[in-house]
Amino acid sequence: MALTINTNLSSMIVQRNLAKSTNQLNNAIERMTTGYKINHAADNAAGYSIAKNWEAQLGSLDVAADNAATGADMLATLEDNYSLIASHVQRVRDLTEQASNGTYGKDSLVAIKSEITARLEEINRIAANCEFNGVDLMTGTTGGIESDLNIQVGIDGGVNSRITLESSLFDSGNMTGLFKDMGDKTATDGKKLKEILTAAGGSATSHTNLTTEENIRAFACACSGLTYADSTYSIDSTPNCGASQMLTFLDEALNKISEKVTKIGAGRNRIDSAIESIAVQSENITSSLSTLRDADVAKESSNYIKAQILQQASATLLATANQSPSIALNLL
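In our numbering, the protein residues as written are 837 to 1168.
Each computed DMTMM-like pair below joins lysine to aspartate or glutamate, with the alpha-carbon atoms no more than 20 Å apart:
{"no.": "1", "residue 1": "1030", "residue 2": "1050"}
{"no.": "2", "residue 1": "888", "residue 2": "992"}
{"no.": "3", "residue 1": "1016", "residue 2": "1087"}
{"no.": "4", "residue 1": "942", "residue 2": "930"}
{"no.": "5", "residue 1": "1028", "residue 2": "1088"}
{"no.": "6", "residue 1": "1099", "residue 2": "984"}
{"no.": "7", "residue 1": "1099", "residue 2": "1088"}
{"no.": "8", "residue 1": "1016", "residue 2": "1050"}
{"no.": "9", "residue 1": "1027", "residue 2": "1088"}
{"no.": "10", "residue 1": "1092", "residue 2": "930"}
{"no.": "11", "residue 1": "888", "residue 2": "898"}
{"no.": "12", "residue 1": "1016", "residue 2": "1002"}
{"no.": "13", "residue 1": "1092", "residue 2": "1002"}
{"no.": "14", "residue 1": "1016", "residue 2": "1088"}
{"no.": "15", "residue 1": "888", "residue 2": "1119"}
{"no.": "16", "residue 1": "1096", "residue 2": "1017"}
{"no.": "17", "residue 1": "1027", "residue 2": "933"}
{"no.": "18", "residue 1": "1096", "residue 2": "967"}
{"no.": "19", "residue 1": "942", "residue 2": "1066"}
{"no.": "20", "residue 1": "1092", "residue 2": "958"}
{"no.": "21", "residue 1": "1030", "residue 2": "1020"}
{"no.": "22", "residue 1": "1099", "residue 2": "1007"}
{"no.": "23", "residue 1": "1021", "residue 2": "1095"}
{"no.": "24", "residue 1": "888", "residue 2": "1130"}
{"no.": "25", "residue 1": "1096", "residue 2": "909"}
{"no.": "26", "residue 1": "856", "residue 2": "866"}
{"no.": "27", "residue 1": "1030", "residue 2": "1017"}
{"no.": "28", "residue 1": "873", "residue 2": "891"}
{"no.": "29", "residue 1": "1092", "residue 2": "1017"}
{"no.": "30", "residue 1": "1092", "residue 2": "1007"}
Hints were generated in silico from the structure; no laboratory data involved. Keep in mind the model is a prediction, meaning the values are calculated, not measured.
Based on the provided sequences and hints, a complete structural model is requested.
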């Protein structure tokens, strides 16, 4: 290589390698401080794109898990309220069974009727106040859930990303809802519910609206073997509204609650399964993302030491290379 003054090729070579080792040193420092081996798209364009996509999926899965957990809490609220209502209906049935024994006088039957009335009113109160996150769960189509409810448990808009809960789960849970469509149902002796309630002192439509004071009283009277007329309670002697007749309808209401709670339980099982599936997906994507993006600290520390040594060597050699043109002075 010729000895020149204007062009110091050795210095240029050392400068290039110094810049290269400095870049390697900076990359190693960045990767160790961030913990990522892909910090910019330039580091790995394809890997950067895949990592961002997986990050988006993980975010969506976190939201889906929250959605599923919220859905499970909602169904738990509904189930617990139905369990409470079932306990009241069961107690009404027990009192009705007691009143049908025929060994109680009017005062005792009126006392039984008073507890039954309180239980029926509490059923209506529970149903009216059963709500979750501002959504009424037991009011049916009146201010409640009128159509099938979708729980979003996936990361896209496909049918497999949601669990659909039938709107029937959210039918009215008050007395009117529990005894809906039973007006023409007959007891063991062939009497219809609407006939029994009317004979007990209810209105002609007492079987379709069991939330008014008059119709609740008629229902309680029927369960107690009483009639109500002219502000007076009397023992039904016909009997047109005997307590034993009401057991058929109370049993059907209990069966209706049991069927609904079973469906609620099935829905909760599906949601719990979705939560587990989301956790597995999230774990697998997180593992893949770590493999793709996370820096190997041992490897990067080795690269750091290597780049540091090269940088120091280049700096030393650069000083020497810069002095090379001065050798030409010795020839003068």
